[in-house]
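Chains A and B, in that order, are what the protein sequence lines are. Numbers given in the numbering used here equal positions in the first sequence, counted from 1, plus 12. Numbers given in the numbering used here equal positions in the second sequence, counted from 1, plus 10.
Treat the hints with care, as some may be off.
Unchecked claim - Quick partial rundown of chain B residues pointing at chain A, CB under 10 Å, derived from the structure:
#, residue
1, 13
2, 56
3, 68
4, 90
To be verified - Now the in silico label distances, taken between C-beta atoms and shown as ranges:
#, chain 1, residue 1, chain 2, residue 2, range
5, A, 115, B, 154, 29 to 37 Å
6, A, 40, B, 115, 56 to 64 Å
7, B, 113, A, 24, 38 to 46 Å
8, B, 154, A, 64, 31 to 39 Å
9, A, 24, B, 13, 22 to 30 Å
10, B, 136, A, 164, 44 to 52 Å
Stated by the list, open to error - A short, non-exhaustive set of chain A residues, derived as facing chain B with CB atoms under 10 Å:
#, residue
11, 73
12, 74
13, 79
14, 88
15, 107
16, 154
17, 156
18, 159
19, 162
20, 212
21, 215
It should be emphasised that the hints constitute simulated quantities derived from the structure, not laboratory data. We treat Cβ as the ideally placed atom computed from N, Cα and C, and that holds for glycine.
Residues per chain are reported as follows:
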Amino acid sequence: MTAPPATGPARTAMHLVDALAVVRAKRGPRDVVVTTMAPARDWMAMAAGELEPLDLVLVPSAMGQATSMGLGLALAQPARRVIVCNGDGSMLMNLGSLVSIVAAAPPNLVVLVFDNGVYEVTGAQITPGSVAGVDYVAVARACGFKSVYRFSDPTAWNASADEVLGAVGPTFALLDIAPTPGVPGPRSPGPAAERSRRFIEALRV
Amino acid sequence: MFSGEEIARLFAALGVTHVVTVPDSTIGPWQGAIERHGVTRVVRVCREGEAWGVAAGLHWGGAKPVVLIQCTGLFESGDAIRNVLHDWKLPIFSVIGYRSYLNQDTLPGDTCLVFTEPTLEAWWIDYRLITSPDQINEMGQHYEACRAAGKPGAWLIAEGKA
Numbered sequence: 013m014t015a016p017p018a019t020g021p022a023r024t025a026m027h028l029v030d031a032l033a034v035v036r037a038k039r040g041p042r043d044v045v046v047t048t049m050a051p052a053r054d055w056m057a058m059a060a061g062e063l064e065p066l067d068l069v070l071v072p073s074a075m076g077q078a079t080s081m082g083l084g085l086a087l088a089q090p091a092r093r094v095i096v097c098n099g100d101g102s103m104l105m106n107l108g109s110l111v112s113i114v115a116a117a118p119p120n121l122v123v124l125v126f127d128n129g130v131y132e133v134t135g136a137q138i139t140p141g142s143v144a145g146v147d148y149v150a151v152a153r154a155c156g157f158k159s160v161y162r163f164s165d166p167t168a169w170n171a172s173a174d175e176v177l178g179a180v181g182p183t184f185a186l187l188d189i190a191p192t193p194g195v196p197g198p199r200s201p202g203p204a205a206e207r208s209r210r211f212i213e214a215l216r217v
Numbered sequence: 011m012f013s014g015e016e017i018a019r020l021f022a023a024l025g026v027t028h029v030v031t032v033p034d035s036t037i038g039p040w041q042g043a044i045e046r047h048g049v050t051r052v053v054r055v056c057r058e059g060e061a062w063g064v065a066a067g068l069h070w071g072g073a074k075p076v077v078l079i080q081c082t083g084l085f086e087s088g089d090a091i092r093n094v095l096h097d098w099k100l101p102i103f104s105v106i107g108y109r110s111y112l113n114q115d116t117l118p119g120d121t122c123l124v125f126t127e128p129t130l131e132a133w134w135i136d137y138r139l140i141t142s143p144d145q146i147n148e149m150g151q152h153y154e155a156c157r158a159a160g161k162p163g164a165w166l167i168a169e170g171k172a
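If we strip away everything but chain A, and leave its shape as in the complex, we get (with noise of 0.2 Å):
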């Protein structure tokens, strides 16, 4: 086997922002949505310091942990749509959570995989499952997810974003992403007690 150049595969991609800007224009008012690693950082840019009250920022995280929240969050709030944005080094890191989610069913768990190939945020290593050529979407299928999609521009996410957020799920969509080597990860927005409270709250309206 010969192993992919440390870049990762050339592939068509999307800009991580361009995929969240979807998601942010998609997203319902009671919607949750969580992020972690980059996705995290661009939605903290992209919010420019004005977070929605749903929007549960996982910094600082336990890498890998934002399927495990986003599943008991659904569970919880059954009436709420729970969209994870998640980057694929954090799926690998919690790649059981996926069977986790598909044995507890929430309908209403949307688990999007930004797919950039790389560990972006600590200087864009290369994962071993970039080296491996896992494919997410036949993994995620093979778990039994009612919904399953993947997405390479964000022309065509843009089109199919309502239809994948307002599929019976849970659902999980790859969403191929072109790595930004060189980008500091995410700051802490506050100090994440705090943010907790205010998110608990917001959940009780």
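Given chain A, put chain B in place with the hints provided.
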């Protein structure tokens, strides 16, 4: 030490809405009784570190979850515990099976006996060691005290011969 029915009734009495769990041979058989009781939902996860994240999401969403795992899973859970209990300061309660405590002949030299309690102390988890069925009232009281104080707590359930 406890039947599944006793644990199911205790969880229900305490208002526990979800038990997020990976089984072992002592706590695993409780799952069926909890589900039959019909008050507390069992959420099965693939590894123990997941359980803390799921419990965090449940807590944020207004539920009253408990993490139910063996002490080996406590060791596996380190970074999730750090983030959930200490970054986000969520008062997640856990039930930890203490492998080999009551029967040290099964696994002679089991290092679970060396590391479990220091690990709970290192993570600042206020635990009660439960070695007798007579302590069931103490378990409820400890759970309620931890909730009232808004701090993480645990029952450390001695496993082996009852």
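A quick look at each hint next to the structure:
1. 13: Nearest chain A Cβ about 25 Å off; hint violated.
2. 56: holds, 3 Å
3. 68: Status holds, d = 4 Å.
4. 90: Holds: closest Cβ of chain A sits about 5 Å from residue 90 of chain B, inside 10 Å.
5. A:115 / B:154: 29 to 37 Å: holds, 30 Å
6. A:40 / B:115: 56 to 64 Å: At 59 Å between Cβs, range holds.
7. B:113 / A:24: 38 to 46 Å: Violated, at about 59 Å.
8. B:154 / A:64: 31 to 39 Å: The hint (31 to 39 Å, Cβ to Cβ) holds, given that residue 154 of chain B and residue 64 of chain A are roughly 35 Å apart.
9. A:24 / B:13: 22 to 30 Å: violated, 58 Å
10. B:136 / A:164: 44 to 52 Å: holds, 50 Å
11. 73: At about 6 Å, which falls below the 10 Å cut-off, the nearest Cβ of chain B leaves the hint on residue 73 of chain A intact, so it holds.
12. 74: With a minimum Cβ separation of about 4 Å from chain B (threshold 10 Å), the hint on residue 74 of chain A holds.
13. 79: Nearest chain B Cβ about 8 Å off; hint holds.
14. 88: This interface hint holds because 3 Å falls under the 10 Å limit.
15. 107: With a closest approach of 9 Å, the residue 107 of chain A hint holds.
16. 154: violated, 14 Å
17. 156: The hint is violated - residue 156 of chain A has no Cβ within 10 Å of chain B, the shortest such distance being about 13 Å.
18. 159: Violated, about 20 Å.
19. 162: At about 24 Å, which exceeds the 10 Å cut-off, the nearest Cβ of chain B leaves the hint on residue 162 of chain A violated.
20. 212: holds, 6 Å
21. 215: holds, 6 Å
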